[in-house]
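Visitor: Below are the chains, spelled out letter by letter.
2 protein chains.
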Amino acid sequence: MKTTCYALLMSVLLLATQGCKQEEGPQTVPEASVSAASVDPLPSWTEGPTKQAILDFVEAVTTESSSSFVPVADRIATFDNDGNLWSEQPLYFQLQYALDRVKTMAPDHPEWQDQQPFKALMEGDMEALMAEGEAGLIKLVMASHAGMTTEEFNAAVKNWLQTARHPRFDRPYTDLVYQPMLELLSYLRDNGFTTFIVSGGGIDFMRPWTEAVYGIPPHQVVGSSIKTEFDYNEGNPVLRKLPEIDFIDDKAGKPVGIHKFIGKKPVFASGNSDGDLQMLQYTATNPHAFMLYLHHTDGDREWAYDRESHIGRLDKGLDEAEKNGWTVIDMKRDWKVIYPFQVSE
Amino acid sequence: MKTTCYALLMSVLLLATQGCKQEEGPQTVPEASVSAASVDPLPSWTEGPTKQAILDFVEAVTTESSSSFVPVADRIATFDNDGNLWSEQPLYFQLQYALDRVKTMAPDHPEWQDQQPFKALMEGDMEALMAEGEAGLIKLVMASHAGMTTEEFNAAVKNWLQTARHPRFDRPYTDLVYQPMLELLSYLRDNGFTTFIVSGGGIDFMRPWTEAVYGIPPHQVVGSSIKTEFDYNEGNPVLRKLPEIDFIDDKAGKPVGIHKFIGKKPVFASGNSDGDLQMLQYTATNPHAFMLYLHHTDGDREWAYDRESHIGRLDKGLDEAEKNGWTVIDMKRDWKVIYPFQVSE
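Heads up: the protein sequence lines correspond to chains A and B, in order.
Under the numbering used here, the first sequence has 271 at position 271, and the numbering climbs by one with no breaks.
Under the numbering used here, the second sequence has 673 at position 328, and the numbering climbs by one with no breaks.
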């Protein structure tokens, strides 16, 4: 928890010091090989060793005569979400939701006008917000995520996704999913894999939209959570979200979350940060498993960051990938296109 | 937890006072309508209001022009396990596993010879075992469920299922699943439902066999759990099971477990005891939902018990079912056959 919250806090600082708006880089919109899509399951991936490694893995584990054959029931594929299936800059999207939500709720909470960190947020006083530290950040997250029914929270998330716009691209946040990863998810499912999200982000924040956006139903989403309690509510039972951490699905929590929610060891795991390292290490103990890291190398079309980043730091993971021969996606080199809205018709 | 453990404790008492062996009642082996199986999805169910209510529900929610139509993505069906998909007498099967496992482990634990409740169990001294109370029972459960890797536990459960025999039927415990419920599970899946187990029993105890026995994969099994921790284990990462409760999926914990693991409200819920009541009440808040209780009324072919039973007590649930018009299976009346091995060829 400490590290996760620290990362969130740092991302608030980043936002404060750099501002929301970033210079938009040149949009490279390659010609998508639409005509070849029927034969190429990964049309947005550049031909090369990364794409070939994925194709080779899938062929090996799905060929019955192969010594690497894996039965359908054991074809478990896990994907981190933030920075792996959608972008995570300049601020984890869920944290942006928390900040926006607190502002939306403020008129009903006049007491916040004199309470930190709410006062600082409302006044845009980032120095005062930072001074509240991790405890202040947790107050913002709990104020925006707890104290309501699960259905009220679902509705608030859906409403935010319909109305909020990403500061750099001026588009809904769910537009910022990675086209090549959508193709990879479909490709794996077409080959008998069951695809799961295993994210450090909030499970309740993801579930309202993952089915429509990724084709991943709520029960195949694993993430961090706060506790809920059953309330008879005078004959109309509801579940209420409590301001208390239940589970942190990050770092060593990811294998624990995989066991808790999935109950089988993955044979394919995909992540982009050191928070995914234990998931990949755990997966690697499965014979024939495939471990995939996404390296953010494209400062023009997306963002470039790795070892020193406060968001999505990828440091130990890069070393482990090289040491163990895991596949690393070089975003700039390996992806013809980043987002679905850039695919030319 | 308290109530669950109390029920377990009472079932130990029952075992001690009644003995393991029960008189085997006459086996009614009806002629299964094999020839009609292609048209009748529920051949082991007697024609009548219970079977008809199930057929009517499925037709209503799967007919697009119906005002009760439910999209495939929302066809979530949850089933309790003990006493609902398989038998639970004379002792919850998982508790029998715990007792057997402790005996198997005893040679490696000479210290147990002087420690309660182990000493009492080994000596078959039920009075002394009872004297250890709930705390003693928890020691037996933790000794048999924690202190090993998840893979070691899986292997031990699978081994037990292959070797242990139920005292009344002298068959593997997984033979004591209910044929009519297997048909119901298949029927719902054939109609676009996703079927889940939501049990007060241990999630890790069920997952090694639910896929083969019920067609329900591990990630669609919800249950009670103890904590696990990730251990690097000198470069061979494992998950170790800790002697600490993580989650109790019983009573008000069932809606919480449904939200935590499934993330959607069921439209069909099936149980057999007061431990399932909140699951059914929560499901009932979903429009068009179907609530099903199994009433154990067949002392000859299975067991007859309800309001006063220490195992699978069904008291408040019967009243609520009548008040709310929920469907109640009368096992004796509604099921032509109980177990798959009784189906005539």
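Hints are supplied without guarantee of correctness; some may be wrong.
Restraint ranges, calculated between C-beta atoms of paired labels, are given here [to be verified]:
| id | chain 1 | residue 1 | chain 2 | residue 2 | range |
| --- | --- | --- | --- | --- | --- |
| 1 | A | GLU47 | B | ALA500 | 49 to 57 Å |
| 2 | B | SER413 | A | GLU308 | 50 to 58 Å |
| 3 | B | ASP535 | A | ALA135 | 24 to 32 Å |
| 4 | B | SER413 | A | ARG307 | 39 to 47 Å |
| 5 | B | PRO512 | A | ARG189 | 39 to 47 Å |
| 6 | A | GLN52 | B | GLY492 | 40 to 48 Å |
| 7 | B | ALA418 | A | ASN191 | 39 to 47 Å |
| 8 | A | ASN159 | B | PRO512 | 51 to 59 Å |
| 9 | B | MET493 | A | MET122 | 50 to 58 Å |
| 10 | A | LEU318 | B | TYR577 | 17 to 25 Å |
| 11 | B | GLY580 | A | LEU55 | 42 to 50 Å |
| 12 | B | ALA418 | A | SER65 | 47 to 55 Å |
| 13 | B | GLY580 | A | GLN52 | 43 to 51 Å |
Bear in mind the hints are in silico, worked out from the structure with no lab data behind them.
Here the structure is a predicted model, which is why all the values come from computation and not from measurement.
In this text, a Cβ means the ideal position worked out from N, Cα and C, and glycines have one as well.
Visitor: Next, verify each hint and record whether it holds.
Guide: Now the hints, each set against the structure:
| no. | hint | result |
| --- | --- | --- |
| 1 | A:GLU47 to B:ALA500: 49 to 57 Å | violated, 44 Å |
| 2 | B:SER413 to A:GLU308: 50 to 58 Å | holds, 56 Å |
| 3 | B:ASP535 to A:ALA135: 24 to 32 Å | violated, 53 Å |
| 4 | B:SER413 to A:ARG307: 39 to 47 Å | violated, 56 Å |
| 5 | B:PRO512 to A:ARG189: 39 to 47 Å | holds, 45 Å |
| 6 | A:GLN52 to B:GLY492: 40 to 48 Å | holds, 45 Å |
| 7 | B:ALA418 to A:ASN191: 39 to 47 Å | violated, 22 Å |
| 8 | A:ASN159 to B:PRO512: 51 to 59 Å | holds, 57 Å |
| 9 | B:MET493 to A:MET122: 50 to 58 Å | holds, 52 Å |
| 10 | A:LEU318 to B:TYR577: 17 to 25 Å | holds, 19 Å |
| 11 | B:GLY580 to A:LEU55: 42 to 50 Å | violated, 29 Å |
| 12 | B:ALA418 to A:SER65: 47 to 55 Å | violated, 36 Å |
| 13 | B:GLY580 to A:GLN52: 43 to 51 Å | violated, 29 Å |
Hint compliance for this structure: hints 1, 3, 4, 7, 11, 12, 13 are broken, all remaining hints hold.
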